[in-house]
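Asker: Generate coordinates for the entire structure from the input sequences, incorporating the hints supplied.
Residue 426 is where the sequence shown starts when you use my numbering, and the numbers rise one by one after that.
No lab work stands behind these hints: they were computed from the structure. Note that CB positions come from ideal geometry on N, CA and C, so glycine has one too. Treat the hints with caution; some may be incorrect.
Derived lysine-lysine pairs resembling DSSO-like cross-links, with alpha carbons at most 30 Å apart [to be verified]: (1) K508 / K607; (2) K431 / K607; (3) K452 / K431; (4) K508 / K480; (5) K549 / K618; (6) K554 / K452; (7) K558 / K509; (8) K607 / K554; (9) K480 / K558; (10) K509 / K549; (11) K509 / K607; (12) K618 / K546; (13) K551 / K618.
So the derived label-pair ranges between C-beta atoms look like this [as the list claims (entries may be wrong)]: (14) H434 / N580: 17 to 25 Å; (15) V606 / L512: 18 to 26 Å; (16) A495 / R442: 34 to 42 Å; (17) H434 / F643: 24 to 32 Å; (18) D595 / S542: 38 to 46 Å.
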Amino acid sequence: KKTLVKPFHIQEERLIRIVIYRTDSCKYLFADLHHIVADGNSYDIFFADLNTAYKGMALQSETYTGFDAALDEEQEVENGRYKKAALYYDEIFAGIETESLPIADKREEVPVKGLASRTMKLSKEKIRKYCEKMQVTPNTLFTGLFGVVMGRYSNTEDALFATIYNGRNDSRLENTICMLVKTLPVYCRFDGKMPVSVYLMAVQNQMLNSMANDIFPFYEI
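Answerer: The structure is reproduced here in structure tokens:
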């Protein structure tokens, strides 16, 4: 009996498994790619290519592979871009002392007036229009909101946390199957007096700049 989900032996086999099961009514294709060679975007590329092949259309080979990207990044560590990125993060996080940890829950020990909650449903269209008005992306909007929430829970105007992005800031990697996801730190400061538009634009500019400096690894930050 074949087992669809099973461990990979990295040094002994290919890091991709594809199995086709045939039944009386249809065929099922299962694909399992080890995370070290494929991220979420890679699956989108893989299945898009598969659909292209099913239609009888020609596939385009990768012109810039993940191996090429790794070699280029290795060389960039030795040049000025790496040092520039280190200075960038030093500037972003200079003087920051916050740990962004939620304060202890005292509701059971300290009398309170009660709890309030509010639920709002927002359509994708409303979010899209709001982002267009603020000239930011939905990613910026929700990252900025998370920063505000973190600040409220830790009782501070500062929030320091990490997020991830697909690591494809080079257009040559748009259709490359590889593990490219990178971790980016985010620092938000919202004092309540700052206009929302100014706050969101600051978050967006920081994230774009961090993506441009992603050559500097998160573990060193």
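Asker: Could you grab the alpha-carbon distance between K508 and K480 and see if it respects the 30 Å cut-off?
Answerer: Since the Cα atoms of K508 and K480 sit roughly 48 Å apart, the hinted pair is violated (cutoff 30 Å).
Asker: With 17 to 25 Å as the target window, see if H434 and N580 comply at their CB atoms.
Answerer: violated, 49 Å
Asker: Looking only at beta-carbon atoms, does the pair H434, F643 fall within the given range of 24 to 32 Å?
Answerer: The hinted range 24 to 32 Å holds for H434 and F643, with Cβ atoms some 28 Å apart.
Asker: Take a quick look at whether K554 and K452 sit within 30 Å of each other, Cα to Cα.
Answerer: Cα-Cα ~42 Å, so violated.
Asker: If you draw a straight line from the CA of K452 to the CA of K431, is it 30 Å or shorter?
Answerer: holds, 21 Å
Asker: Taken at face value, is the distance from the CA of K558 to the CA of K480 at most 30 Å?
Answerer: Violated, because 40 Å separates the two Cα atoms, which is more than 30 Å.
Asker: Keeping to a limit of 30 Å between CA atoms, is the pair of K508 and K607 held or broken?
Answerer: holds, 18 Å
Asker: Does the alpha-carbon distance linking K431 and K607 stay inside the 30 Å limit?
Answerer: holds, 26 Å
Asker: Honestly, do A495 and R442 meet the 34 to 42 Å range at C-beta?
Answerer: violated, 23 Å
Asker: Within a Cα-Cα threshold of 30 Å, do K607 and K554 meet the stated pairing?
Answerer: holds, 29 Å
Asker: CA of K551 to CA of K618, is that 30 Å or under?
Answerer: Given that 30 Å is the threshold and the Cα spacing comes to 25 Å, the pair holds.
Asker: So the hint says 38 to 46 Å: do the beta-carbon atoms of D595 and S542 match that?
Answerer: holds, 44 Å
When held up to the earlier numbered hints, the structure conflicts with 4, 6, 7, 9, 10, 14 and 16 and fits the remainder.
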